[in-house]
Amino acid sequence: MLMQKSAGNDVLLDVRDLETHFVGDESTTRALGGISFQVKKGETLGVVGESGCGKSVTALSILRLLPKMNARTVGGEVRFHGRDLLELSDREMRQIRGDQIAMIFQEPMTSLNPVYTVGRQIAEAVQIHTKASRSVAMAKAQEMLRLVRIADPERRVNNYPHEMSGGMRQRAMIAMALACSPELLIADEPTTALDVTIQAQILRLIADLKERTGTAVMFITHDLGVVAETCQRVIVMYAGSIVEQANVIDLFARPAHPYTQGLMRSVPDQRRGRQRRLPEIPGIVPSLREPIVGCSFAPRCPFAIDICREKTPILRDVGSSHAAACWRAEEVMGA
Amino acid sequence: MAAYILRRFVSTIAVMAMVGIFVFLLLRLAPGDPAAMIAGKSATAEMIAGIREKMGLNDPMPVQFIRWVRDMLGGDFGTSIFAGRPVLQLISQRLEPTISLSILTMIVSVTIGVSFGILAAWRAGGLVDRILTAFATLGFSVPVFVVGFFLIYLFAITAHWLPVQGYKPIDHGFGPWLVHLILPTVTLSIPYIAFIARITRASMLEVLSEDYMRTAAAKGASSYSMLFHHALKNAGVPILTVIGLSFAGLIGGVVITETVFNIPGVGRLVVDAINNRDYPIIQGVLILVSGLYVLINLAVDLSYTLVDPRIRY
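Protein chains in written order, with my numbering: chain W, 1 to 335; chain C, 1 to 313.
Any given hint might turn out to be false.
What the hints assert, rightly or not - Between beta-carbon pairs, the in silico distance windows are:
no.	chain 1	residue 1	chain 2	residue 2	range
1	W	Asp208	C	Phe140	54 to 60 angstroms
2	W	Asp306	C	Ala202	25 to 31 angstroms
3	C	Pro169	W	Pro114	30 to 36 angstroms
4	W	Glu280	C	Ala299	57 to 63 angstroms
5	C	Ala202	W	Arg309	46 to 52 angstroms
6	W	Asp317	C	Ile311	56 to 62 angstroms
7	W	Arg212	C	Ile311	35 to 41 angstroms
Claimed, not checked - Counterexamples of contact, computed for chain C against chain W with all Cβ distances above 10 angstroms:
no.	residue
8	Arg7
9	Ile13
10	Gly20
11	Asp59
12	Met72
13	Glu96
14	Gly125
15	Tyr153
16	Ala156
17	Gly220
18	Gly236
19	Ile282
20	Asp308
Claimed, not checked - Which residues of chain C face chain W? A partial, calculated answer using Cβ under 10 angstroms:
no.	residue
21	Arg85
22	Leu88
23	Gln89
24	Met213
25	Arg214
26	Thr215
27	Ala217
28	Ala221
In case anyone wonders, no lab produced these hints; they're calculated from the structure.
By construction, the Cβ of each residue, glycine as well, lies at the ideal position given by its N, Cα and C atoms.
Hey, can you work out the whole structure from these sequences and the hints?
Quick look at the structure:
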């Protein structure tokens, strides 16, 4: 069920022309080609795209968690409460991480430190950002475990990660991320590594907690089904750029970019029956090492015409709060 | 855990029995007749035969072996051929300088080696890392006695800051004791610092790229907390292993260092005993050192449980 919520107009996070490169010995990969989007207070924004499109790089660039060795955010702004996060000192950035912006990751199996108890790891987040004593922080950890519906939190708080299942570990990660009541939670494929039944539980948990705490969520996924269930607005990414941006209903009703359409066709649909092979998008994602001329999706696009191969389309409005980076968006929507 | 320790002790008996047979045979089968050595160059054949009889060297090997083991279990490691005093007494007299040197060396090697390794991993590829790698290679390659003489020349003979050689027992005062041990400790520590730093660096580098390090960063943890709290404990098992190996392997370096710095420790005792073919001393030291090896190995295996909760015995 989709819940149509009136998202407030207050902008929480304002990303402008964010550009991130990976510098190698021989070449530079343009992982993010200058993307702009906003997250509003209390909303859930979906970020969709296939592997390597720049979803995770976007999240890690916002929090400045990319390895300093080879990743450089070379341009743009990340405005959070009016401050550009890219301009902050390391110390100021640390005060924001985990406190005002928290993040959960794809791999619950490896994202928790194996040599400390889960309770201690949650308590650590509390202790970093408040003056709470160890015992107060541990009590908070226990409370958080209860909040994420882990049974028997009094005992679980002293468990090591290897004593928990994958689903439970992801709940513990969520508990850790929400311990300081962040205004923005970035969830990077939080359910991808989990069983389908556990996936549904975790999604419901995130939705419930978001409802209860008013935290805005940036939900990164490659799964359009998850987007339909959890998000109000969606951005679709391809080859380091945003190719479409819309509220979730418009996106599913009238996708304006051929790539979005392709993604939707490759989602299993029970009405179509099980026998037929799922359609896939032909071709491969372009290399970001060389500059791309024209539309990056053109080589794989059934709608491509000459202009697509010559000029790069920019994101333009194709409806109310619906934008697409496609020369033929109107025809695509009509198709 | 208790069951595991018990099992390990039982297997220790088997190990020590093998060591015992080896030590016993090694010296019996080596060329040179201890009886002839004791008797001296001008001895007659009768005198040598008399000494052989008195020492029981004419009995069959198994009889000699069983007698030797039985005496050792009773705390009698035999009597030195030259000094004429019980081996255990001779060793215990020499223990203080050796233990002092070993413990100081381990403290210095572990603190400096682990810190260097962490620093190098933290700034991998940077200037500090490259300097440390160069130092580690050098520390491995230059023999202990070369470093020892070089340091003596620099700090004792030229600068007169430290004594050239010798040892002062700790009950003559902590200051003189420490002053005499500075150069030997530095000399002996250099290869161990290099070794421990290399392993620490490698182990830390691996851990630093783990997902949970990113989680810690996402929580807002400081660099210090990331390195020493989150990473070091995870990197602990290989580091503990090399510390154990270093400690167990220290005895070889101790022998050379004690000789260079003229320290009257167990190392020197062994060197003198080998020169004199003083079998009982050599055997006694070998058995005790082997026992120490086995105990250190057990301690290292047990220490893993302190850093990694997934390891259970």
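Hint by hint, here is what the structure shows:
1. Distance hint check for Asp208(W) and Phe140(C): the Cβ-Cβ separation is about 59 angstroms, which falls inside the suggested range of 54 to 60 angstroms.
2. Restraint check, Asp306(W) to Ala202(C): a C-beta distance of roughly 55 angstroms breaks the suggested window 25 to 31 angstroms.
3. The hinted window of 30 to 36 angstroms between Pro169(C) and Pro114(W) is violated, with their beta carbons roughly 47 angstroms apart.
4. A beta carbon spacing of about 58 angstroms between Glu280(W) and Ala299(C) agrees with the range 57 to 63 angstroms that was offered as a hint.
5. The given range of 46 to 52 angstroms is respected by Ala202(C) and Arg309(W), whose C-beta atoms sit roughly 49 angstroms from each other.
6. Judged by the Cβ atoms, the range 56 to 62 angstroms given for Asp317(W) and Ile311(C) holds: they are separated by roughly 59 angstroms.
7. A C-beta distance of roughly 40 angstroms is found between Arg212(W) and Ile311(C), which places it inside the suggested range of 35 to 41 angstroms.
8. Chain W leaves Arg7(C) outside its interface by the beta-carbon criterion, the shortest separation being 24 angstroms against a cut-off of 10 angstroms.
9. At roughly 34 angstroms from the closest C-beta of chain W, the C-beta of Ile13(C) stays outside 10 angstroms, upholding its exclusion from the interface.
10. No Cβ of chain W comes within 10 angstroms of the Cβ of Gly20(C); the nearest lies about 40 angstroms off, and the non-interface call holds.
11. The beta carbon of Asp59(C) is kept farther than 10 angstroms from every beta carbon of chain W, the shortest such distance being approximately 57 angstroms.
12. For Met72(C), the non-interface assignment is confirmed: its Cβ lies about 42 angstroms from the closest Cβ of chain W, beyond the 10 angstroms cut-off.
13. No beta-carbon of chain W is positioned within 10 angstroms of the beta-carbon of Glu96(C); the least distance is around 38 angstroms.
14. Listed as a non-interface residue, Gly125(C) fails to keep its Cβ farther than 10 angstroms from every Cβ of chain W; the least gap is roughly 7 angstroms.
15. Distance check for Tyr153(C) against chain W: the nearest CB is about 43 angstroms away, which clears 10 angstroms, and the non-interface claim stands.
16. Listed as outside the interface, Ala156(C) is consistent with that label: its C-beta sits roughly 45 angstroms from the nearest C-beta of chain W, beyond the 10 angstroms cut-off.
17. Annotated as non-interface, Gly220(C) brings its C-beta within 10 angstroms of a C-beta of chain W; the closest such distance is 4 angstroms.
18. The claim that Gly236(C) lies off the interface is violated: its Cβ sits roughly 8 angstroms from the closest Cβ of chain W, which falls inside the 10 angstroms cut-off.
19. The non-interface label for Ile282(C) is consistent with chain W: the shortest C-beta to C-beta separation is roughly 44 angstroms, beyond 10 angstroms.
20. Here Asp308(C) does not stay apart from chain W, with its beta-carbon only about 6 angstroms from theirs, under the 10 angstroms limit.
21. Of the supplied interface hints, the one on Arg85(C) is violated, with its beta-carbon coming no nearer than about 51 angstroms to a beta-carbon of chain W, more than 10 angstroms.
22. Residue-level restraint check for Leu88(C) is violated (minimum Cβ-Cβ distance to chain W is 43 angstroms; threshold 10 angstroms).
23. Annotation: Gln89(C) was flagged as interfacial toward chain W, and the flag is violated, the nearest CB pair being 46 angstroms apart, outside 10 angstroms.
24. Proximity of Met213(C) to chain W holds as hinted, the smallest CB-CB distance being about 8 angstroms (cut-off 10 angstroms).
25. Against a cut-off of 10 angstroms between C-beta atoms, the interface hint on Arg214(C) holds, since the closest Cβ of chain W lies about 6 angstroms away.
26. For the restraint placing Thr215(C) at the interface with chain W, the shortest Cβ-Cβ distance is roughly 5 angstroms, inside the 10 angstroms limit, so the hint holds.
27. A hinted interface residue such as Ala217(C) counts as satisfied when its beta carbon comes closer than 10 angstroms to some beta carbon of chain W; here the least separation is about 5 angstroms, so the hint holds.
28. Contact between Ala221(C) and chain W, as hinted, is supported at the beta carbon level, the nearest pair being about 6 angstroms apart and thus within 10 angstroms.
Going down the numbered hints, you'll see the structure goes against 2, 3, 14, 17, 18, 20, 21, 22, 23, while the others check out.
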